[in-house]
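A.B. asks: The residues making up each chain are set out below.
Number of protein chains: 4
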Amino acid sequence: MRILYLGDVVGRSGRDVVAGRLPRLRRELKLDFVICCGENAAHGFGITPRICDDFFNVGVDVLTTGNHAWDQREIIPHFAKESRLLRPINFPPGAPGAGLGVFSDARGRQVLVVQVMGRLFMDALDCPFRTLDQVIRPYRLGGNVAAIVVDFHAEATSEKQALAMAYDGRVSAVVCGHTHVPSADARVLPKGTAFQTDAGMCGDYTSVIGMKAPAAIDRFVRKGPGERLSPADGPGCLCGLLIETDDATGKARRVAPLRMGAGLAETGLPHWH
Amino acid sequence: MRILYLGDVVGRSGRDVVAGRLPRLRRELKLDFVICCGENAAHGFGITPRICDDFFNVGVDVLTTGNHAWDQREIIPHFAKESRLLRPINFPPGAPGAGLGVFSDARGRQVLVVQVMGRLFMDALDCPFRTLDQVIRPYRLGGNVAAIVVDFHAEATSEKQALAMAYDGRVSAVVCGHTHVPSADARVLPKGTAFQTDAGMCGDYTSVIGMKAPAAIDRFVRKGPGERLSPADGPGCLCGLLIETDDATGKARRVAPLRMGAGLAETGLPHWH
Amino acid sequence: MRILYLGDVVGRSGRDVVAGRLPRLRRELKLDFVICCGENAAHGFGITPRICDDFFNVGVDVLTTGNHAWDQREIIPHFAKESRLLRPINFPPGAPGAGLGVFSDARGRQVLVVQVMGRLFMDALDCPFRTLDQVIRPYRLGGNVAAIVVDFHAEATSEKQALAMAYDGRVSAVVCGHTHVPSADARVLPKGTAFQTDAGMCGDYTSVIGMKAPAAIDRFVRKGPGERLSPADGPGCLCGLLIETDDATGKARRVAPLRMGAGLAETGLPHWH
Amino acid sequence: MRILYLGDVVGRSGRDVVAGRLPRLRRELKLDFVICCGENAAHGFGITPRICDDFFNVGVDVLTTGNHAWDQREIIPHFAKESRLLRPINFPPGAPGAGLGVFSDARGRQVLVVQVMGRLFMDALDCPFRTLDQVIRPYRLGGNVAAIVVDFHAEATSEKQALAMAYDGRVSAVVCGHTHVPSADARVLPKGTAFQTDAGMCGDYTSVIGMKAPAAIDRFVRKGPGERLSPADGPGCLCGLLIETDDATGKARRVAPLRMGAGLAETGLPHWH
Ligand SMILES: [Fe+2]
Ligand SMILES: [Fe+2]
Ligand SMILES: [Fe+2]
Ligand SMILES: [Fe+2]
Ligand SMILES: [Fe+2]
Ligand SMILES: [Fe+2]
Ligand SMILES: [Fe+2]
Ligand SMILES: [Fe+2]
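Chains as they are written, first to last, in the working numbering: chain A, 1 to 273; chain B, 274 to 546; chain C, 547 to 819; chain D, 820 to 1092.
Where hints are given, some of them may not hold.
Claimed, not checked - Derived CB-CB ranges, DEER-like:
id: 1; chain 1: B; residue 1: GLY416; chain 2: A; residue 2: HIS43; range: 41 to 49 Å
id: 2; chain 1: C; residue 1: ARG570; chain 2: B; residue 2: PRO365; range: 42 to 50 Å
id: 3; chain 1: D; residue 1: GLY1087; chain 2: C; residue 2: PRO771; range: 46 to 54 Å
id: 4; chain 1: A; residue 1: ALA98; chain 2: B; residue 2: PRO498; range: 43 to 51 Å
id: 5; chain 1: C; residue 1: PRO639; chain 2: D; residue 2: ARG1072; range: 29 to 37 Å
id: 6; chain 1: B; residue 1: ALA535; chain 2: A; residue 2: GLY142; range: 25 to 33 Å
id: 7; chain 1: A; residue 1: PRO225; chain 2: D; residue 2: GLN929; range: 39 to 47 Å
id: 8; chain 1: A; residue 1: ARG228; chain 2: D; residue 2: GLY961; range: 53 to 61 Å
id: 9; chain 1: A; residue 1: SER104; chain 2: D; residue 2: PRO912; range: 48 to 56 Å
Said to hold, decoys possible - Computed far set for chain A versus chain C, every beta-carbon distance over 10 Å:
id: 10; residue: ILE76
id: 11; residue: PRO96
id: 12; residue: LYS223
What the hints assert, rightly or not - Short derived list, chain A residues pointing at chain C, Cβ under 7 Å:
id: 13; residue: TRP70
id: 14; residue: PHE91
id: 15; residue: PRO92
id: 16; residue: ALA95
id: 17; residue: GLY224
id: 18; residue: PRO225
id: 19; residue: ARG228
The set of hints was computed from the structure by calculation and includes no laboratory data. For each residue, glycine too, the CB sits at the ideal point set by N, CA and C.
Next comes chain A alone, as it looks inside the complex:
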């Protein structure tokens, strides 16, 4: 099956490029399943119920979040109601919402999506490696699920690659987010797991990770009281990873990074038949 993962959507620029491009991508790329990280969709900080619906309406199947999961107060009760909205699974027990779900595509194939968060340079959640090991145990790739996609929301390249190498062959894909920069290392690991150190951001790249540059620069330089950060509002670029899996084994056959829109060198659509 064909799965598209879209990296952290930042503000209106990000939402617009997703809404503008995704419906056609679903058709042209014959996408079976779309996962999107929405943790920065609401003016850079978190996501709202209404923005969730907007994403579902343009072709997103599952939304993930990350360290910004709780930024908007109104989203917190929504986690309990909307099973297509995930937050990292390694928050302590009792956190609102769920960290995984099994979803059906249009042809009834089951896809397990799990989001997990890293700890290096981040908050000390439960161990992502052990948590993942535990929660995926009931699922067999190519058995009760056609694919397993792990969204690893993490800062450090070392932790991301360590987790991907540790799960190589056990999941269909480890796709990562949080740094807002696409990595140029999308590939299928030796045992069949698709991997990219970071899928990048959907947003305005003439910015500092999606936020207007002057205020962001000021924080680094002046360290004093400053302007609030707000999303850059130029035309956005959609960044994501396209993964093709083998339904029989659940492993990845091939991957293609996607970059479409302003700011970065575009990839064009992959020519898969």
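Put chains B, C and D with the ligands on the given structure of chain A with help from the hints.
C.D. replies: Below, chains B, C and D with the ligands alone, put in the same frame as chain A:
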């Protein structure tokens, strides 16, 4: 002029792919100047005088380092002797070696190379923004220097993009290293500065940032006493950024990321005429 | 001369115990000069102009702040108007306010007060060691100033002790704050500098560093969306360090920690004649 | 019963002051149980089997460690053999050794000792709050154990106080270590748990947390290649917390901090009858 920046070289795999590819690249790409980050060349940790010479012999003009600058004791006195070996300039005054140099290419054009290190998630050195501002003041792009290349060795994508945006138009390029993963965002910023959030690593990518995966995974999972990290020793991939500048203005005209060898999707050579 | 340093005042409990005790302490201990850290006075976060005045009215001569200096927007312009209000001197140039001042006591003796902030586990300001070295150079202990008090606002015990040992004999006192816990190591270092790793907090100790315990515990345990932190409001304890210096040399002759009020074992007043 | 907790022993200065003072303290204070943190006993880094025996021979009943648990390779297999040597219990499953033990005093009373490590500004181990909750569940204070002593090895005052407040009334004592500085806040919390934010260090206080000052200062100032850290070797000060519990309830009746030897203001022996 054409400048190639090569990302952090890790261990023998990295050194071999650089030595094996660089001489031909210099010819075929008509390179005028080659900068290479060697901070992980000596078995993953630092660099030695002998390895420096090996790099210079295969076509490197200037070596930079980073947070691993002092890992090998024998390199410390070498910094004073070898002006082509740099370390981040924002170490406190009194640190061995120099953080910048002006070098001539074969046609006598002057290139200012400065290495500076980030602070977010790293050690608290002097402010990279203010230090850079101060040290480049004597130089005029397209005046007393044909090009200014800033090697920003940093962890956080936000700090890298903030520095690049802050210096856009004032330097020829801000190329970054340290994460060992190439970013897919190489571009020329609006005011003419070439930028890539990370040039990536020259080394074996079937690894955890160049080191053998099992010991690296173990550190994240077990947190206990474990095996030492050592470089992965499979075939390497060369990663870098090719920058073409305008000698009259010193600004970047275009950039092309390079990925050649095993592990990652190769870029091939850019078709520039 | 006799100098009293009062540790971080947290919320109303802290303000009340200072206001209730300080006037009498000034008389009974024959205090010549009182310095107080007010960075948490305004409901735990920052300080306001009105609270500044309240402190001055009960006998504080100089207020310092710290990492919470800018928490209250209305205090920012006040830094320019109120020379008795300091912020860490190693913020980058251009930060509002001043990091040091020379003040007269009632008998016309000059006291230099400098606040500087640590970097370990904190934000990357300018080097506290080098900044301090530079700014105290115009002053001679027992010469143009009778005393030099350094308020080192820092987290790590190692950094605090390193700075104190580095400046031993060059300043009258290195008194530290920020952890909100008094250390039991107040002493005069070998070359004559008074030192305490932390002067502690003025506030309600039946708390988590001055804040109500349930919400603070919740942050560590649940890591999810939670209640806001607010100051504990039980009776406070005043914590500080009393320093007696020799006017001729500016060095410290003796120190006595003070703890008065609820929560901790009280010290009583030192019996100095 | 009377329990003495001794803070992190650093190097020979620390070992000597413990060996020199403890035998007499056991007699004079009628100590029933002695716990000591030995994580820095071996030249500042870790502990060896031989040093363990030295501690047991002078009257230590249980040794704890901390983040330096694994510093000395030869201690690792020793954890399996020596049940009186503990390491933080919240290392991931599979770590060598144990994080708790139930020990008998001379009169056959059972004492549960648990060491747990903090995460703020430290490595991301398992949650100390939840782990502690889980492991102490089989024990009833004043029932199957006469006392429960939690050694919380942590950096941040906030995390230490949060854990102590969370466990107030459920354990006899939360005594903390790691910062190498005694706090002046030893007390019995409202529901009967003895607490001290840090018990301090047994070692030479004319130092930087027990290490020779020049090399330690140099690390903060120069950030360059420098001398190795080694323990200060002047006369040491013994720092610890004396806890008296009620055997019927297991709660703390009173506490007294102890500081004996060079460097700090000595406490003298408490006058308990
Ligand atoms: Fe994000
Ligand atoms: Fe994030
Ligand atoms: Fe590196
Ligand atoms: Fe590096
Ligand atoms: Fe404070
Ligand atoms: Fe503070
Ligand atoms: Fe220690
Ligand atoms: Fe420790």
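A.B. asks: Does each hint hold? Answer for all of them.
C.D. replies: Verification of the supplied hints:
Hint check: GLY416 of chain B to HIS43 of chain A, Cβ distance near 43 Å, so the stated range 41 to 49 Å holds. Separation of ARG570 of chain C from PRO365 of chain B is about 46 Å and conforms to the stated range, judged on CB atoms against 42 to 50 Å. Range check, GLY1087 of chain D to PRO771 of chain C: about 49 Å between beta-carbon atoms, so the 46 to 54 Å window is met. Roughly 36 Å separates the CB atoms of ALA98 of chain A and PRO498 of chain B, a value that falls outside the hinted 43 to 51 Å.
At roughly 56 Å, the beta-carbon separation of PRO639 of chain C and ARG1072 of chain D lies outside the given 29 to 37 Å, and the hint is violated. Range check, ALA535 of chain B to GLY142 of chain A: about 28 Å between beta-carbon atoms, so the 25 to 33 Å window is met. Between PRO225 of chain A and GLN929 of chain D the C-beta distance comes to about 56 Å, which lies outside the given range of 39 to 47 Å. In this structure the hint that ARG228 of chain A and GLY961 of chain D lie 53 to 61 Å apart at CB holds, the actual value being about 54 Å.
Evaluation of the 48 to 56 Å hint for SER104 of chain A and PRO912 of chain D yields a failure: the beta carbon distance comes to about 35 Å. A beta-carbon of chain C comes within 10 Å of the beta-carbon of ILE76 of chain A; the shortest separation is about 5 Å. Listed as outside the interface, PRO96 of chain A is inconsistent with that label: its C-beta sits roughly 6 Å from the nearest C-beta of chain C, within the 10 Å cut-off. For LYS223 of chain A, the non-interface assignment is contradicted: its Cβ lies about 6 Å from the closest Cβ of chain C, within the 10 Å cut-off.
About 4 Å separates the beta-carbon of TRP70 of chain A from the nearest beta-carbon of chain C, less than 7 Å, and the hint is met. The beta carbon of PHE91 of chain A is positioned within 7 Å of a beta carbon in chain C (closest approach about 6 Å), and the interface hint is therefore held. Annotation: PRO92 of chain A was flagged as interfacial toward chain C, and the flag holds, the nearest CB pair being 6 Å apart, inside 7 Å. Of the supplied interface hints, the one on ALA95 of chain A holds, with its beta-carbon coming within about 4 Å of a beta-carbon of chain C, less than 7 Å.
About 4 Å separates the beta-carbon of GLY224 of chain A from the nearest beta-carbon of chain C, less than 7 Å, and the hint is met. Hint on PRO225 of chain A holds. Least Cβ distance to chain C is approximately 4 Å, under the 7 Å limit. A least Cβ separation of about 11 Å between ARG228 of chain A and chain C goes past the 7 Å threshold, and the interface hint is therefore violated.
Hints 4, 5, 7, 9, 10, 11, 12, 19 from the earlier list are contradicted by this structure; the remaining hints agree with it.
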